[in-house]
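Number of protein chains: 2
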Amino acid sequence: MTNTQVLLTKLFFGIALIFSGLAIAQASDPLPSWHDGKAKQSIIEFVAKVTQQGSDDFVPPEQRVATFDNDGTLWSEKPVYFQLLFAIDRVKTLAPQHPDWKDKEPFASLLKGDIKAALAGGEHAMLEIVMATHPGMTTVEFEKIVKDWLATAKHPVTKRPYTEMVYQPMLELLAYLRANAFKTFVVSGGGIEFMRPWVEKVYGIPPEQVVGSSIKTRYELQDGKPVLVRLPELDFFNDKEGKPVAINQYIGRRPIAAFGNSDGDLPMLQWTTAGQGPRFALYVHHTDAKREWAYDRKSSVGRLDKGLDEAKVKGWTVVDMKQDWMVIYPFEKR
Amino acid sequence: MTNTQVLLTKLFFGIALIFSGLAIAQASDPLPSWHDGKAKQSIIEFVAKVTQQGSDDFVPPEQRVATFDNDGTLWSEKPVYFQLLFAIDRVKTLAPQHPDWKDKEPFASLLKGDIKAALAGGEHAMLEIVMATHPGMTTVEFEKIVKDWLATAKHPVTKRPYTEMVYQPMLELLAYLRANAFKTFVVSGGGIEFMRPWVEKVYGIPPEQVVGSSIKTRYELQDGKPVLVRLPELDFFNDKEGKPVAINQYIGRRPIAAFGNSDGDLPMLQWTTAGQGPRFALYVHHTDAKREWAYDRKSSVGRLDKGLDEAKVKGWTVVDMKQDWMVIYPFEKR
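Heads up: the sequence lines are chains A and B, in that order. In terms of our numbering, the first sequence is residues 1 to 334. In terms of our numbering, the second sequence is residues 1 to 334.
Just to be clear, a hint being listed does not mean it is correct.
Since copy identity is lost for identical chains, a pair holds within one copy or between any two.
What the hints assert, rightly or not - Straight-line Cα separation of at most 30 Å, DSSO-like style, residue types lysine-lysine; simulated pairs:
no., residue 1, residue 2
1, LYS290, LYS312
2, LYS306, LYS159
3, LYS154, LYS314
4, LYS144, LYS314
5, LYS306, LYS225
6, LYS49, LYS78
Note that these hints are calculated values from the structure, not bench results.
Chain A extracted, bound-state conformation:
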């Protein structure tokens, strides 16, 4: 490129930048589904602070890591985690190959349609259901199973596809952060391979920015073709104290902002806010029994108890779904 070309290019880019600058200044509200209030204000103030070049609080773009829990933070989690509903559907599909399930809990209750009885065994029962349905195929096969299920399955209450039960205000928040050069990650207790097939399309988060629970896999050659076989062995349970561990393992940087909805997210929020410089922590508080669900300290799914207390003490942002969100799901906007 000649010097004249360089100058001309710089000039044109400069003018174009001025126009796009005007466009941003004139742009409408980046969080249109959020009511004006403390929660929305705290988000916008934080983003303004860390992106203002020259200020003491400026954070270079590569360090703008934001982590989001999934169940109850980006999509609903009632009556039980959606992945568990997937596993239950798998139990029904696989039942003909497992005649012994008819007399064996938790499968017997599931096959009779009694989810509550099946889950009476608590976490152990859940793990058994997951381990009976998630391993035993290649990673490529499992991805297809998840995609096929999501394409047809409907939520028992709303009768909507599960991927429509994501929170519109949180989608806006993800987009707003990315527009400000944040890198957004999912850090969920859910299965990493249960989430990856759809989060890119639904949240705009690529598979390599998804952290989750996992089972082990084994590399082998099947008819000379390399495959990864999913094994019936837990690799990592990404909840509570596991979240900072996995964030360190997968991301290798401490987030500057973290978003959750339960006590399972508390260590992630503690870890995030304990770093130097400006930090942001936000809890989604489920307060809307009419449009979504209302639950906190006593819920077995998504319990928010200690976290609610710590948020108050530490001044973290707590979103009151009922008060702060104009709509819950994208389909309400139509």
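Starting from the known structure of chain A, fit chain B onto it as the hints suggest.
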């Protein structure tokens, strides 16, 4: 933004794009340290193929994942892996706190300066040295130890800092791929937390794009402050069949291009090339005893035996360091 503003902005961006297009067309060789030859040609042809919009071989940018082994592929690995030399220096530093090491192998030999005798125990001895030196502190403390070591330690043969012993032609290759919208990852048998403190500066690869071996960590509160403590327990050994497993775990997409130098990388290259659509695999073959080292089928560090055979059968690119690279290290250019 008014319609006129939109039009003007589009126009200016359009003109600017034409100028930058010209700049690219006129740009000098993207791989200036590579001799013209089959290896260089195969790289450029592959990149041209997958980036040509509208062609059958076009790969959308988000799927352009390229994975690089580190030891022997991006930097040297002789006389032994640099991380082992780090661990040996740590043994010397920590020896006063471990009087028993004087009479205990492999530490006794190390403290006498006899690395060869210390490593006579093979992988088991190496693991013992790593486990005696890598855990027992927080992740933040370990990062500082690594950075401090790299700032002062010198390679026993070249007397250069280790981070200068990276391959100039590979740095150019990394930059060339990224300029073509590839996302570049390190996928190494080395420790993930040994690499992350320096790869961003040296390779331009951010911590969240580093996959490696790991030990377990535990989240705890020390004086009310959250820390991650490094435990004396192996979490994952990222070599051989472990590499596709970890690629799936961390990245969640199959790479379209993979780069290695040893049999330890063979499953990664198999996994990469077994995907549909255009794929690229490359082996760095250490053939330059004068400027670097020459070794392959019989080397204990970085053995390349089966991989060399399979590369021939499958038509993978094999870089002959002596023939293909004009310079090895960046400092040779000065």
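*Taking 30 Å as the upper bound on the Cα-Cα distance, should LYS306 and LYS225 be classified as within, between, both, or neither?*
Close across copies (17 Å), not inside one copy (50 Å); limit 30 Å.
- Item | Within, between, both or neither: LYS290, LYS312 at alpha-carbon 30 Å | Intra 25 Å, inter 65 Å, cutoff 30 Å: intra-copy only.
| query | Between copies, within a copy, both or neither: which fits LYS144 and LYS314 at Cα up to 30 Å? | reply | Between copies, since 29 Å is at most 30 Å while 43 Å is not.
**Prompt:** Can you tell me if LYS49 and LYS78 fall within 30 Å by alpha carbon in one copy, between copies, both or neither?
**Reply:** So LYS49 and LYS78 fail the 30 Å test inside a copy (36 Å) and across (47 Å) alike.
First find the shortest C-alpha distance between LYS154 and LYS314 inside one copy, then the shortest across copies, and answer within, between, both or neither for a cut-off of 30 Å. neither (39 Å within a copy, 46 Å between copies)
>> Checking an output row: LYS306 and LYS159, CA cutoff 30 Å. Within, between, both or neither?
In response: Result: close neither inside a copy nor across copies, 33 Å intra and 55 Å inter.
Of the numbered hints stated above, those contradicted by the structure are hints 2, 3, 6, listed in ascending order.
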